[in-house]
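Undergrad: For reference, the chains in residue letters:
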Amino acid sequence: AGTPLNFQSIWINDPEFSGYFIALDKGYYTAEGLKVNYIPGGPDVIPQASLLTGKADIALTSLIETASAVSEKGAPFKIVGAQFQKSPDSVISLEATGIKSIKDLVGKTVACPPLSLGTFKVLLGLNGVAEDQVKIVPYAFDPTPLATGQVDAVIDFMTSLPFIVEETSGKKASFILFYDSGMPFGQDFVTVTEDTLKNRRKDVVAFLRASRKGWNDDFADPLKYTKEFENSWYKGNGYTPGAAEYHSKIQIPLMQNPKGVFTIDDESIEKNIASLEKIGVKANKDLFDTSLLAEL
Amino acid sequence: MTYMTINTSPTPPEAAVDLIIDQAGKTFPTPRGPVVALAPISLKVTRGSFVALIGPSGCGKSTLLRMVAGLEQPDDGAILIRSKHPEQFRKEGELGIAFQDPALLPWRNVFANVAFPLQILGRPIKPNNEKIRALIDLVGLKGYEDALPSQLSGGMRQRVAIARSLVSDPSVLLLDEPFGALDQILRRQMNLELQRIWAARQTTTLLVTHGIDEAVFLADEVVVMHAKPGRIAEIIKVPFARPRTPDLFSSPEFHALCDTLTAALHGPGAAA
Amino acid sequence: MTYMTINTSPTPPEAAVDLIIDQAGKTFPTPRGPVVALAPISLKVTRGSFVALIGPSGCGKSTLLRMVAGLEQPDDGAILIRSKHPEQFRKEGELGIAFQDPALLPWRNVFANVAFPLQILGRPIKPNNEKIRALIDLVGLKGYEDALPSQLSGGMRQRVAIARSLVSDPSVLLLDEPFGALDQILRRQMNLELQRIWAARQTTTLLVTHGIDEAVFLADEVVVMHAKPGRIAEIIKVPFARPRTPDLFSSPEFHALCDTLTAALHGPGAAA
Amino acid sequence: MSGATRENARIVFGVLVVLAIWEFLGSQTSWGVAMFPAPSRILAQAFADRELYWLHGLATVRTATIGFVFGCAAAMLAALLFCLSPSLELAFRGVNIALFAMPAIVVGPLLVLFFNGDWPQTILAALMVYFPAMSATLLGLRQVDPRLADLVAAYGGGETKLMLHVRFRGALPSLFAGFRVAAPLAVLGAVLGEFGSGTRWGFGAFLLSALPQGNPARLWGIGLAASLIALAGYALFLLPARRLAASTSAVTLSAVSPAAIAVSSGGRLRRIAFALVALALPFLLWWLMVTLTKVSPIIAPGPVQTILFLFEGRQASAARHALGLALGQTLPVAALGLLAGLAFAFVLAALSLLAPALARALMPVAMVAQNMPLVAVVPIVTLVFGRGVTASVFMAVLVVFFPAYVLLQQGFTTVPRAASDLVATYGGGRLKNLVFVAVPYSIGHLFAAARLVAPQALLGVMVAEWLLTGTGLGNLLNVSRGGLDYDMIWAGALISILISVAAYEAVGLIERKVVRR
Ligand SMILES: Nc1ncnc2c1ncn2[C@@H]1O[C@H](COP(=O)(O)OP(=O)(O)OP(=O)(O)O)[C@@H](O)[C@H]1O
Ligand SMILES: Nc1ncnc2c1ncn2[C@@H]1O[C@H](COP(=O)(O)OP(=O)(O)OP(=O)(O)O)[C@@H](O)[C@H]1O
Ligand SMILES: O=C([O-])O
Ligand SMILES: [Mg+2]
Ligand SMILES: [Mg+2]
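Protein chains in written order, with the working numbering: chain C, 1 to 296; chain W, 297 to 568; chain A, 569 to 840; chain B, 841 to 1357.
Keep in mind the hints are simulated off the structure, nothing from the lab. Think of the CB as a built atom: it goes at the ideal place given N, C-alpha and C, for glycine as much as any other residue. Fair warning: there could be bad hints in the mix.
[As the list claims (entries may be wrong)] So these bits of chain W aren't anywhere near chain A, every CB distance computed over 10 Å:
1) Arg343
2) Gln369
3) Arg455
4) Ile532
[To be verified] Derived pair list, reagent style DSSO-like, types lysine-lysine, alpha-carbon separation capped at 30 Å:
5) B:Lys1134 x C:Lys198
6) W:Lys427 x A:Lys796
7) B:Lys1134 x A:Lys710
8) C:Lys282 x B:Lys1134
9) C:Lys171 x C:Lys249
10) B:Lys1001 x W:Lys438
11) B:Lys1353 x A:Lys694
12) A:Lys659 x B:Lys1272
Same shape as in the complex, but just chain C (with noise of 0.2 Å):
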């Protein structure tokens, strides 16, 4: 197939794409006859959004934003894989703050992106914590003011956060992960609309089975891309080799699945759809089609 497969990531080039980085540098995509486009994402980049314009092809998007859509929008999505069995979405605290589940952030005060404010205060109901109870501030990915205590906990990815925390504090940093604490998610669902789906199922396949290529290599020895990368993908990206290092490494047992990275079957499925329902979001299993993960 001559035309390019325009993949839209969800984030900053960081080891949480070295699968795919792999995929490309190893030609994986080439052998299966993909010509793979790789679009890296940003704050202002809404991977389903750019599947809607056509930008992009395949998209690694976020399960919320992704149901709704479909749910309240009518958009044509399909989730095909997931990158992650569990999100990294995490409260992360200093230790020495004694926050141990998150029964124990009442009178603190949490640093969280607007965009997971609903879901983090759907967990604090799980958890039995009152919304009041809690002080809750914008966060802007920086983890200067949970290092400096201007706030008690952040809302973040687990896969950097503690590290640089403790490196910069030099103090010991925990985390509770949401799937742990009733709010169970996979994050980055490899997404593509009905009509690529219909048309370019092959490619669509064999672009999660490259893809898987590229992320067993990783598995079998993250450390040794990490450093491989240092000056080509992650050039620039502001991590220190440690941090990657740290990324790298916490983020397989996330991604690790039996039956190979990318699979969703009835159990995730419906513990991914139970937790929606939690936040008020309605989606069904025809969010999801397993039939390509078969095909592998």
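Assemble chains W, A and B with the ligands onto chain C, guided by the hints.
TA: Just chains W, A and B with the ligands now, kept in the frame of chain C:
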């Protein structure tokens, strides 16, 4: 309707009329109510004649000149220069003007300011270099070609404006107190030069001046205006032969005419 | 060093000197090289005297006035008004000035323009309402108090500037060709008014003018300047008794002195 | 030692003292170490990062330059057209303000959707540049000395000749003021665009990647470097502007106030008619754009859909409620931000007359503050101001003051010497000159500045809401884009633009009252 007609002395009957002002008046609306700058006046000026306008401050001299140049529209009546509307006529490049305020372009030096009308008229500067320099010389500013207006004295700026009014070789020349900021010696010099240029080119000239002697020396006819409302009170012919020389200034006839004019200015209807 | 000293006619030996100009000259740097506006000159003016400055256009009259007002710094030498530096002196509100250009603030009406110096000096307007109106009346602009500068004729603007220069009851008055745009009748009137005000308040006055007759009529001494470079050529005393009346204009002595002045202006060193 | 030299020496000394205090706080206090890094640390980090600075810096400079060129070219062309046809300006006023008042949180994602490569950030830079540059240029073109206009007319010259020989040249200082506004805004726009667009290179991307790394020295280094580039852009156009201003202002005072010339004429009826056109035109263009590009209505609802969203269907009242609530939080703060921003701009511009050396010293500080990426200063702002109204107003002022300052300062420098001389002769100092001459003379600039600030203030507060308070319209729009709730985003943008237009027109109304008495 009667016209007050002005002719050069021995008028051939077919002498062309260059300027017709027909019952043209001007009232400015202001927040404090309308201000009559000029009651409707009529005037004819034949080709090549030199007309001086004198009158008290505020009697509408500048307004009249600005109407002739098409910069103000008369409320009623009509103004025709060479049978054309002022807006049309000035496009032909036959109009020269020096305002009461020199109005120099602050970013242009003397040379470029004098050359400005040519540029507006779309005429080339290069072939006129010599002429521009000669005009600058004429007004005594040789050596100041490159000076900016901010580097000139008040009288020097006024002289630039005089040179500029002549640069397009106009056939109708409007001068609004062009010599107001000049000393008497220079003023006399400029009077003579102006007479020379006027005679050589038969330029129909309207000169606003406060110098009665200047008016008598230069003009074929002097239009005396009165104020409140601005109007033409009297038109006085100047019978002296051309060309006129500086000794005219000391002749008794000259002084007599000046006295007549002074009386006309003071006249019974002349408001303070 | 010699001073050219100017005194009111019968000078008591202890007459205070209001203005001392001591070897003050002014050269302007321009891209075309330095322009000597004024060679170093010295001059003393005693308190209450009236000095007229005459000279060809560009001889440095305005520059001199501006130096006295502290608006230009002399290259060398010193200028003292009542033993103070101009910058200091003007703060006392004892200086009145009318520039060659009326320099009215376009957004202020006539009344507010005349009142402007009071505001700058931090004096109240209200109690001076009557005085401001009287000054506007004096310059013949009664009824135009609310008019904006754009609604005035050239001569009217100049008259506003004259009224403004008097509003602060200055003890030193600098006037740069204040009557240039006025007709002769009004000019004579203003001459008389100026004499009256000067006499009543013993205002030390420096008047730049191109009217030789005006200079002789008003001044105690006339400073004749020459150009290239600007300098003082001669100082001529005017012996006529005070108060002077309009008949002076027709006296033979008056004409004789005017001729002397004209000659001095033309003098051997006078450049064109 | 002359007065100026002495004053400059004092300022150098002052700067050194400030740096020393900064160094102390930044290295000796725990909060300083964490969020107010000492200059030495910033420099050391920058040196370590020098290769990255080169790569990112080059990208930003390129993007900003291209954005600057496009934005200014459009601004000059538009100003020319608007000067020739004031009706056109009235008709396009809505579009102009919309382009300016469109929240970056809304535009950013849209640009990223429709353009590839460096174009999203380049276009954002151009968009930020366009309106202020156009306003400054238009102001300069309009304020033609009527004496010169008469001269041209007397020689049969029409609008073209007047434009060619008088307006253009007379507008040069204003044009340069426009450039001075535009250059830093282009950098800011580029950085903002890079921050969001997913590009790999540019200070915005550098900033975004540095942000989660807990390395304040790097963060501040990036911010300062971006500011320095902006400052350099500003300075580039400052020197020629100074020289130009001197040779452009008239020697004598015109009898007509320059502000009175620029106030648009025409009867009330005509103005109302054009106001309606101005209101309708953006909607028409919006509808055209949506229709022609055939974008999914989920992302780009047309005007009808957006209005229906607000007034029909189940969700309408909830949407109106959410927007009303957000506006209730945003508007009062924006009004405060407008006043505070204008006041700050005025004070800074006034200082350029009252205490030029102090203004020269403050200017870079203010510029750096304005260009410092807000995300980098959030922790310190929070520390100093908390997360309440004060913090929002402070952030709004930072975003707002700069174009207003440049315009005002430009106005002050065009005052003819004759007017200042008058003040001087009566012993008036700089303050009296400011109050009685400079301000009334440049009243047109003052109002132009106010009109610029009006939409900006709203934007500034929205940024603060997004980064600091998590309330109001800024937060609503930010949250909505996550939910792909483009109906809400467009509705919010529409309302914020309508408010901006209203504020802009209100300023114009006041101006007409003040200038034409
Ligand atoms: N734009 C205007 N608006 C209102 N009134 C005006 C305007 N222009 C002129 N006037 C008024 O019209 C009258 C005549 O003005 P004009 O300038 O023609 O006088 P002038 O004869 O040239 O006087 P001067 O010798 O002082 O220059 C004056 O009373 C003046 O106030
Ligand atoms: N700012 C300046 N820069 C350069 N040259 C100047 C400047 N101001 C004045 N000059 C020059 O200084 C000389 C004297 O100027 P000044 O204005 O004092 O003359 P003046 O005697 O008042 O003449 P006028 O009667 O024409 O007003 C002139 O040659 C003028 O060109
Ligand atoms: O980075 C910002 O300036 O918002
Ligand atoms: Mg006049
Ligand atoms: Mg002078």
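Undergrad: Could you run down the list of hints and mark each one as holding or not?
TA: A quick look at each hint next to the structure:
no., hint, result
1, Arg343, "holds, 29 Å"
2, Gln369, "holds, 17 Å"
3, Arg455, "violated, 7 Å"
4, Ile532, "holds, 16 Å"
5, B:Lys1134 x C:Lys198, "holds, 21 Å"
6, W:Lys427 x A:Lys796, "holds, 25 Å"
7, B:Lys1134 x A:Lys710, "violated, 71 Å"
8, C:Lys282 x B:Lys1134, "holds, 28 Å"
9, C:Lys171 x C:Lys249, "holds, 21 Å"
10, B:Lys1001 x W:Lys438, "holds, 29 Å"
11, B:Lys1353 x A:Lys694, "holds, 25 Å"
12, A:Lys659 x B:Lys1272, "holds, 12 Å"
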